[in-house]
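S.K.: Listed below, chain by chain, are the residues.
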Amino acid sequence: MGKVREALREGRPVALFPYGDRVVLWVEYPGGEKGVLGPTQAFFLGERRRFPSLAAEFPALDWFERALWERGFEPVGHPGLKPLRRHDLPHTFREFPHLHEVPVGPVHAGIIEPGHFRFSVLGERIVNLEIRLGYQHRGLLSLMPGKGAEAALLLVERAGIEPVAHAMAFAEAWERALGWGAPPRAQYLRRAALELERAFGHLGHLAGLFTDIGYAYGATQVGRIRALLQGELDRLTGHRYGRNFIRVGGVWREGQPDLEVIAAHREELARLLPRLLKNPQVLDRMRYVGEVRRAEALALGFVGPTARASGVGRDLRQDDPLYPGFTPVVRQGGDVLSRAQVYAEEGLKALEYALFFLRHLPAGPLALDPPPGEGEALARVEAGRGEVVWFVRVEAGRVVVAEGVDPSFKNWRALELAVRGEGLPDFPLCNKSFDLAYAGSDL
Amino acid sequence: MSLLYTLKVGNLARKLEDILKVPQHAFGYPLLKPEGLTPGVREGLMRLCPSGAFAEAEGIFSLDLARCVGCGRCALAYPLGVGEMRSLEVAVTRKEDLVQQVDLERGGFLDPGPAPAPRRELRLPTLAFREVSAGDTGLTDSEIALLNNPFNDMGRFGFQVVASPRHADALLVTGPVSRNMAEALRRTYEAMPEPKGVVAVGNEAISGGVFAGSSQVLAGVDKVVPVDVYVPGDPPRPGAILHALMLLVGRMTQRLVGGVLR
Ligand code: SF4
Numbered sequence: 001m002g003k004v005r006e007a008l009r010e011g012r013p014v015a016l017f018p019y020g021d022r023v024v025l026w027v028e029y030p031g032g033e034k035g036v037l038g039p040t041q042a043f044f045l046g047e048r049r050r051f052p053s054l055a056a057e058f059p060a061l062d063w064f065e066r067a068l069w070e071r072g073f074e075p076v077g078h079p080g081l082k083p084l085r086r087h088d089l090p091h092t093f094r095e096f097p098h099l100h101e102v103p104v105g106p107v108h109a110g111i112i113e114p115g116h117f118r119f120s121v122l123g124e125r126i127v128n129l130e131i132r133l134g135y136q137h138r139g140l141l142s143l144m145p146g147k148g149a150e151a152a153l154l155l156v157e158r159a160g161i162e163p164v165a166h167a168m169a170f171a172e173a174w175e176r177a178l179g180w181g182a183p184p185r186a187q188y189l190r191r192a193a194l195e196l197e198r199a200f201g202h203l204g205h206l207a208g209l210f211t212d213i214g215y216a217y218g219a220t221q222v223g224r225i226r227a228l229l230q231g232e233l234d235r236l237t238g239h240r241y242g243r244n245f246i247r248v249g250g251v252w253r254e255g256q257p258d259l260e261v262i263a264a265h266r267e268e269l270a271r272l273l274p275r276l277l278k279n280p281q282v283l284d285r286m287r288y289v290g291e292v293r294r295a296e297a298l299a300l301g302f303v304g305p306t307a308r309a310s311g312v313g314r315d316l317r318q319d320d321p322l323y324p325g326f327t328p329v330v331r332q333g334g335d336v337l338s339r340a341q342v343y344a345e346e347g348l349k350a351l352e353y354a355l356f357f358l359r360h361l362p363a364g365p366l367a368l369d370p371p372p373g374e375g376e377a378l379a380r381v382e383a384g385r386g387e388v389v390w391f392v393r394v395e396a397g398r399v400v401v402a403e404g405v406d407p408s409f410k411n412w413r414a415l416e417l418a419v420r421g422e423g424l425p426d427f428p429l430c431n432k433s434f435d436l437a438y439a440g441s442d443l
Numbered sequence: 001m002s003l004l005y006t007l008k009v010g011n012l013a014r015k016l017e018d019i020l021k022v023p024q025h026a027f028g029y030p031l032l033k034p035e036g037l038t039p040g041v042r043e044g045l046m047r048l049c050p051s052g053a054f055a056e057a058e059g060i061f062s063l064d065l066a067r068c069v070g071c072g073r074c075a076l077a078y079p080l081g082v083g084e085m086r087s088l089e090v091a092v093t094r095k096e097d098l099v100q101q102v103d104l105e106r107g108g109f110l111d112p113g114p115a116p117a118p119r120r121e122l123r124l125p126t127l128a129f130r131e132v133s134a135g136d137t138g139l140t141d142s143e144i145a146l147l148n149n150p151f152n153d154m155g156r157f158g159f160q161v162v163a164s165p166r167h168a169d170a171l172l173v174t175g176p177v178s179r180n181m182a183e184a185l186r187r188t189y190e191a192m193p194e195p196k197g198v199v200a201v202g203n204e205a206i207s208g209g210v211f212a213g214s215s216q217v218l219a220g221v222d223k224v225v226p227v228d229v230y231v232p233g234d235p236p237r238p239g240a241i242l243h244a245l246m247l248l249v250g251r252m253t254q255r256l257v258g259g260v261l262r
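Chain order of the listed sequences is A and B. Note that our numbering has the first sequence beginning at 1, numbered continuously upward. Note that our numbering has the second sequence beginning at 1, numbered continuously upward.
Note that these hints are calculated values from the structure, not bench results. Treat the hints with care, since some could be wrong.
Distance condition first, Cα-Cα at most 25 Å in a straight line; then the derived DMTMM-like pairs of lysine to aspartate or glutamate [said to hold, decoys possible]: (1) A:LYS349 with A:ASP320; (2) B:LYS15 with A:ASP258; (3) A:LYS82 with B:GLU183; (4) A:LYS147 with B:GLU43; (5) A:LYS147 with B:GLU56; (6) B:LYS33 with B:GLU121; (7) B:LYS21 with A:ASP258; (8) B:LYS15 with A:ASP234.
One side only, chain A facing chain B, incomplete, derived with CB under 8 Å [as the list claims (entries may be wrong)]: (9) ILE111; (10) GLY139; (11) PRO145; (12) GLY146; (13) GLU150; (14) LEU155.
Where is the CB? At the ideal position from N, CA and C, for every residue including glycine.
Start from the sequences and build out the full structure, keeping to the hints where you can.
M.R.: Right under this line is the structure:
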């Protein structure tokens, strides 16, 4: 355990999931070039479905251990077990005597996924928020074993709100397990789709933020360009959200997005976004609201724009040789405005990368059938919301073990922290600034 | 540049007939071609389809549109056996109308008779609806939300989203209905005043879609509340959802009968 603790102190946990009757902890730890974090290492913990809990010392593992506990594992010494996804187990909210409780959800006023939020408030001020999820739990992971590559991908594409990133991570894990790789043209097409997905998502967060502060002009402008960009993702992949595009061994098709149109949207956004984000109304409502501190982001293992807006500059694309010289977008404020700035800047960059990949498509086939055989591997992809992780063990073309982690699973607690001390009406704004996937968290 | 650009991408609310079409670059809904369904083609289709949309039993070869994820591979590999439908007017009031059935001996589609009419009391000039996401990945919800954008602008047809079920004429439900959402869905429905309609949006809401085998889902909105209109798709494009709303309020008719457009 000494080695595990050391690795966790130096690096950061990537995933913790069952493997037979043991659990395996993947840690990303220093060793890469340029001072960024580097390779991942697997540690096997415990046996006979019992393992020593590390959650008290490393709170980033808390939800992972709770999820394992629900699946019949026992984290020995866990400080407070509570179900995450199973609603047939007893769940009590933390109580604060003398404070007023405001329950919200699972069905919300707008068109979003379901979740329950329990606020303890003093007057208008939020003292504590406890989030209860699990409403979107569909038992996705339990359906994976025994599936062939294509049926498995159908599930994977429904594991979170970002199907391209999930499918890409899963396909890469499968390919790596067999010592294989997609041909160069497919690699570029996958990344082009990934970047369009990112731009689409980030613009959605921005449009939502503008809506939530009553800035209709901003919301309409961004929403309009976003809808048009979705058309280009549709043209590239044949699906408005990029499903049915990536396969194990490559991609299924190559559509014809209009590069000029993408470039025109990017130009327009580059003029528009900085102006919108400097609007006094925006600054007034977004600055110093919903702060997440750097230390909190590190301790709780937040990923993606959530972490980067709090000064934790880590983006998996740094390690990807197809993004030479990539530098992550980082802001220090940790507030709603910082997250909005990260979305705006990353969105513009994403469109640049999408254009780059589409303009420099290498010649060659779209896919190569992977060889038969068996093996296992882990792969990670930087989705719009943070790192997507898939692990797969393949035997004779079928899934034996498959485990996935959506970035939202790691980030939900950022919302609990962000709203502390804020007024109750700021909750929707804070929520939108993370725009987390419920279904992805509820796998 | 700006005007040219506007003309090129069309920055205006689209006409209804354009909204109800599958765009050029995308695959529509698959359509069986009875004459091309040789034994080899049928076997190939069943092997190839990732979602298991094709089936054969007792001399009937069928394609369930509510299972199809729209990958387009069947039409590409077997153009003689499968074509495509380019209309988004695919919402139906009977689940069975989403299944194409070919009688292999006689060689033609089975005819399920005339399409049923929607409920009279729901013939409304405007429609306020509430949406419940019950295990959807979030994309179907997103498509419903996008009905409001400047391109689809459902407000001009008299449709609006309301925050409370007490204000709603209709309920749109997405997702296979996770066990953990069943109760909330039922209570939302019960909170609505009469008359009220329910639309199951997307394959998963119709019968579970790819989650049909999971013990954690009920596999279909109609397992919890009565459904008036089903709209297939993965997720359905906003146009298809708009057609479902139009069908619910009796402003458009059902075109898909026995899985085939009329
Ligand atoms: S389009 Fe794809 S999912 Fe649909 S029936 Fe054809 S092969 Fe199956």
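S.K.: If a hint holds in the structure, say so; if it doesn't, say that too.
M.R.: We went through each hint and held it up to the structure:
no., hint, verdict
1, A:LYS349 with A:ASP320, "holds (16 Å)"
2, B:LYS15 with A:ASP258, "holds (23 Å)"
3, A:LYS82 with B:GLU183, "holds (21 Å)"
4, A:LYS147 with B:GLU43, "holds (20 Å)"
5, A:LYS147 with B:GLU56, "holds (22 Å)"
6, B:LYS33 with B:GLU121, "violated (38 Å)"
7, B:LYS21 with A:ASP258, "holds (20 Å)"
8, B:LYS15 with A:ASP234, "holds (20 Å)"
9, ILE111, "holds (4 Å)"
10, GLY139, "holds (3 Å)"
11, PRO145, "violated (12 Å)"
12, GLY146, "violated (11 Å)"
13, GLU150, "holds (4 Å)"
14, LEU155, "holds (6 Å)"
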